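Protein chains: 2
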Amino acid sequence: MPLYLIRYSEIGLKGRNRAYFEKRLVENIRTVLKDKRLKPKIKRLQGRLLLDVDKEIDLKNIFGISSYSPCIQTKAELKKINSESLSLVKKNPKTKTFRISARRLDKRFALSSLELNNKVGAFIVKKTKLKVSLEKPDLEIGVEIINDKAFIFCKTLAGFGGLPVGVEGKALCLVSDKNSVLAGLLLMKRGCSIITVEESKIKNLKELDELAKTFKCRALIVPDTLQSLKDYPIDVPVLRPLIAFSEQEIKQELEKYKSIL
Amino acid sequence: MPLYLIRYSEIGLKGRNRAYFEKRLVENIRTVLKDKRLKPKIKRLQGRLLLDVDKEIDLKNIFGISSYSPCIQTKAELKKINSESLSLVKKNPKTKTFRISARRLDKRFALSSLELNNKVGAFIVKKTKLKVSLEKPDLEIGVEIINDKAFIFCKTLAGFGGLPVGVEGKALCLVSDKNSVLAGLLLMKRGCSIITVEESKIKNLKELDELAKTFKCRALIVPDTLQSLKDYPIDVPVLRPLIAFSEQEIKQELEKYKSIL
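Line by line, the protein sequences give chains Y and L.
One point on numbering: in my numbering, the residue at position 157 of the first sequence is 224, and numbering is uninterrupted.
One point on numbering: in my numbering, the residue at position 147 of the second sequence is 214, and numbering is uninterrupted.
The set of hints was computed from the structure by calculation and includes no laboratory data.
All values derive from a computational prediction rather than experimental measurement.
Accuracy of the hints is not assured; some may be wrong.
As the list claims (entries may be wrong) - Residues on chain Y that point at chain L, a partial pick, calculated with CB under 10 Å:
id, residue
1, S76
2, E235
3, A250
4, G258
5, T292
6, L296
7, P304
8, L306
Unchecked claim - No farther apart than 20 Å at their CA atoms in a straight line, the calculated lysine to aspartate or glutamate pairs in the EDC-like style are these:
id, chain 1, residue 1, chain 2, residue 2
9, Y, K127, Y, E322
10, L, K222, L, D125
11, Y, K283, L, D298
12, Y, K273, L, D298
13, L, K297, Y, D302
14, Y, K297, L, E235
Glycine residues also receive a C-beta, built at the ideal position from the N, C-alpha and C atoms.
Kindly generate the complete structure, drawing on both the sequences and the hints.
Structural data, given as structure tokens:
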């Protein structure tokens, strides 16, 4: 049963309703995993989510997630942390140098992050032949203390960050090519829900206004650049997220999201 | 009399009217230097501009310029290139290792870029005690062969790139804060000319439409993000270049252009 510690950055930064953002992210993760017929258990911790799921999964493409780590959970007690860290080291037999990177998110825990680094590090050195390397260790063991639990991991995978899809309301996205999908993605990353409409299925651009009203969309998203700048007969604001991008920047962004596109 | 070799990247990439873009860039450089009461001579070479001006200047902020180098000009003859390269080395007395980076933009020149590297490099080694380091030289001497001239330099300064202001027509920019200046800058970098209008001096947003007509603006530029999304009563397209930026990305962009802002 893999267990994942999930981090999100921007939600915490905003002076907005953090709980609402967190709930939306939880909901979005549930939706994605439900599509894969998985039944996850998700807990909201202090600035983190804890996901318990039947098998290994990829969470990279869920906007709002900045990073995530497959982890071991144990009590926030030095003895337990030592032994679980040691077990992680033993699972990585090629390791010669290591480092402990502890973070005490729960300040009630008796040891500071630095003290925890030193104590767990000393224990591993005593029990193995490994050396500590702060600069470029073969293995970095992360320890996060949250509430009365410790989460221990040696792998952190990057997500795209951004905001959870849905926190900023709905927008209609006019889709014709890759650039228009990119335009939609960039606004999903800012929290928009997207209703897509294929340009080829539209007889008259005036239909867009009707569609926006039907689906209660706050805006229309189009892939216009200055070279393809058009006006659209629609009452809601028209968003052109690619308007200040060069061709090279558009290529770079497409490359960044190729796992989604 | 400093001489500058100026490079521009995107102009060449476009399938559009290259000569028109180059002329606009020349015109923009003239305007900036005229404001400083300088009288530059500017020549269009093969994919480069050559600027001859009374004193040292900063060209970083002129959109369209990707980089520029203060340079020495000489005939495209190996003997001349050797002696001018040697004089540059002597002007940098702390140098211990060097490299020659030649580019033959004019294919009529007898030596290939590689041959030129080797010959000039060998000459410098013979005349000095310096060593060649291809990896991390103290001094890199650039040689560009264009038409029947060689341009020799040891410093390349970065510009912002983009397109020359003015090649994409005029836009009205509603200015209220730093973000709105950034919004305008991003579109100037895509080639727009900007007419600014201070929001505080506008009594009613309907005045914008009149201003756009008066100044023949193709678009209105505003700093809206999803959190500050507004609709504007104007007939031309509304451009919101910051619409897909996070707060952090806006900060980064502001930092990038702090020499202008």
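Violated constraints from the hint list, given by number and in increasing order: Those not satisfied: there are none.
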